[in-house]
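From first to last, the protein sequence lines are chains F and Y. In this text, residue positions in the first sequence follow the working numbering: the first is 1, and each later residue adds one. In this text, residue positions in the second sequence follow the working numbering: the first is 1, and each later residue adds one.
Don't read these hints as lab results, they were simulated from the structure. Treat the numbers as computed from the prediction; the structure is a model and nothing was measured. Glycine included, C-beta positions come from ideal geometry on N, C-alpha and C. All clues given are correct.
Computed spacing ranges between beta-carbons, pair by pair:
# : chain 1 : residue 1 : chain 2 : residue 2 : range
1 : Y       : 475       : F       : 189       : 29 to 37 Å
2 : Y       : 189       : F       : 189       : 55 to 63 Å
3 : Y       : 466       : F       : 350       : 56 to 64 Å
4 : F       : 135       : Y       : 475       : 17 to 25 Å
5 : F       : 13        : Y       : 57        : 50 to 58 Å
This is what each chain is made of:
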Amino acid sequence: MSKSKPVILKNIIKNYIGNEGKLFTAVDNISLEIKSGEFLTLLGPSGCGKTTTLRMIAGFEIPTSGEIYIGDDMVNSLTPDKRDTAMVFQSYALFPHLNIYENIAYGLKLKRLTKGEIDKKVKDILELIGLSGLEKRAPNQLSGGQQQRVALARAIVMEPSVLLFDEPLSNLDAKLRVYMRSEIRRIQKEVGITSIYVTHDQSEAMSMSDRVVVMNKGIIEQVGTPNEIYNQPATEFVADFIGVANILDCKVDEEGSDYTNIILFDRKINLKKKFNNIKKSKVVIRPEFFEVDENGKFEGIVDTSVFMGEYQEYFVNVDKTRIIIKDYNPITKRVYNTGEKIRFGINEKCIHII
Amino acid sequence: MKDRFRNSVYEMKKILRDPILTATIVLTMISLVLFILWPIYDVLKESFLENDGSFTLRYLIGAIKDAENQKVLINTLMLGTVVGILSTIVGFIFAYADAFIKFKFKGLFNIIAILPIISPPFALSMSFIMLFGQRGFITYKLLGLQNANIYGFAGLVLVQTLTFFPIAYLVLVGLLKQIDPSFEEAARNLGASRKDVFKTIVFPLVRPGIANAFLLVFIQSVADFGNGMVIGGNFTTLAVKTYLQAMGNYDIKGGTALATVLLTISIVMFVLQKYWVGNKSYVTVTGKPSRERNLIEDKVIKIPIQTICFLISAFIILLYILIPYGSVVNLWGIDYGFTLKHYSYVTSLGMKPILDTTYLSLISMPITGLLGMIIAFLIVRKRFIGRGAVEFVSMLSMAIPGTVIGMGYVLAYNTKPLVLTGTATIIVIAFVFRSMPVGIRSGVASLQQIDPAIEEAAQDLGANSYKVFTSVTIPLIKSAFFSGLVYSFVRSMTAVSAVIFLISAKYNLLTTSIMSQVDVGRYGIAAAYSTILIVIVVVVVGVMKLLLSKIGINTSELNS
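Please work from the sequences and hints to get the whole structure.
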């Protein structure tokens, strides 16, 4: 669809009055550009400002300062009904007094489309979401997943420039959530609308997004593709928030234009890469980046050993540092028990320094 | 504090983007100022200002120093306290029976709770006089007493308690039913006897509710004008005295000074109730109980409570039955022969107040309903500067004694810029602003149950504020809306204390006509009027409920 538009946030600040009457900053000077047709996720723990940001784009909140652009238009002064956005709510927010057809047609009627046009659009969208035949049902006669899809249809049928999602899957059970992820992604790709998706669920963010924005305490920690976020976290927060990470102190021994030598656990490691922005001299190593190996470079004592099915999880003490190692396919390997010595290596390509 | 103010000023930008919303807020505020605050201000102004405009405490001090007024003040406070305590006790017994005890006649409780609402506020006084007065059925006919005197403190206490205890009952039964039975089971499990459970669990949990019930009844008792007029006798209360001073003695200054005192008592109690006790009630009790309580069947507890409730209920119902009965006997106390002459009098000479009252009540009904829902919507959903004030003022009108507001209307709308005295408009306005708080309250309660995202979704899909309100908000809270309509009609039909100041030769009302008939001892005609009033109310409410249930709307909220 050619209507899709970019969204630009410029130096957005949002202050709130908290419970004790204290001023608190929900969103602290963020700037962001969402490309036309892109699927971008705002990811972060609760209270990080992601929902507030989304609601400012929709127009339910106004920024204390800063500017919001949809396409070329500054929309700060527009009420939600005047903005070309459509939102899928966490609680679905289907109109309980209207049936499915009327729910989806609600916005189209306000656009003053003819009956015939409305009918065609509603029929088409029901087809797209796979709910044809349920037009006459009341929202509470549908399952959670079906309600979810109606909410999505009601938004998409408006053919907005921007689609907004406020944790739309958090009320579904685990299996349905996984299914709906791919459904939403499929439908979004099909209609090609710029989409901004808010969630605190990292697997949702990773599996659906073109880019992920990790937020914490009102600021943006990192913007990147899911791959970048996972493998090259910009900050300790991102490393810790996304997946499981060992964040270990190291010493940067020597830096060249195309290599970095570090010292970790008193051993030298040569990394064939230059890291920009090293601030804290810490390495981020995912548990699965360790390789349990009798000839490995490092040695530790197993503190806890847990069989998790697809992998064996070890908590290992190396000197005074505790690390987590995931050893996949334990059935094919030797399993270490508590108190045993364990040797392991590190896949050097996977080491990231922050 | 400064940050806070600056931020809320900033948040107003969000409202100001929306012209419809802004206009609605402004108009609502203007109407509240015009029809609630301004009349009160005029009462205060009259009592604190000399005719030349200089400030004085002369009238207030004069009113307070006056020995008779002091007695009136003491009477009023004593009456409020005694009625408050008695009503709370009776209300608690009924509520406990309803929530905790296996009981056959619970249907009675609903009737008992609704009767005072659908009848004139002084209906029980009339019945009491018919039973216990000088020519009373019991005192004169059965006991042969020559000079029975029901007028005064004892009569008022009894009548007010029977009229107002349903308020306490409704407050307390709500709380008691909300207590999760697992609390009591946990206590029993830890070794508490049933008595211990009552003393250590149930009672402490409803203690704020008890204070709340007491204060609500107190406010009603102090503001009660009708019963005081009819059965008070020489025991004068502040509400009655205020009216007599202003309208009987034409001492407006003295009347407003008394009104100021009355208003002060009511507002203090209201603030106490709303901000001190009102909030506490919800802290201890969490949400809906997980499952139903096992009701008590133990005879030692059941039989006495059941007996008390049954006797009181039966007595009240008897009192109400006396009204239609009294309307078809020749001369109460002397000749109990059947007659329809009172009705023929009413239909030939006195139809006008009946028609006027019904007509004006019907006009004010949709206005009240809509305005109530708009205010509820603004209070719950919108964060604008002055929201707290709008909420306070609109609920305040529930606590302001009708006598005070009635006097304020006379003072405020007698002179330019807004001359309304003697018109139907002013009566409609009085009806609207007197009955609105209940609609607001049920609107607020309904809205709080509804996910704000539903309205946001509508706005997000392109609906402006007006469209959101009409196409989503109102349909979602239609039960509260229609309950508000029904209540408004009922309340207007039975109103007396405020409108008694506003009636004129052109517009006389049903309740005031009844009162003047009682005043001259024509109980038959008064009873006929009262019966007609009750019939109109029951018929209109019944028809509305029937129509509404046809389109699938439940208005049972009216009862609570």
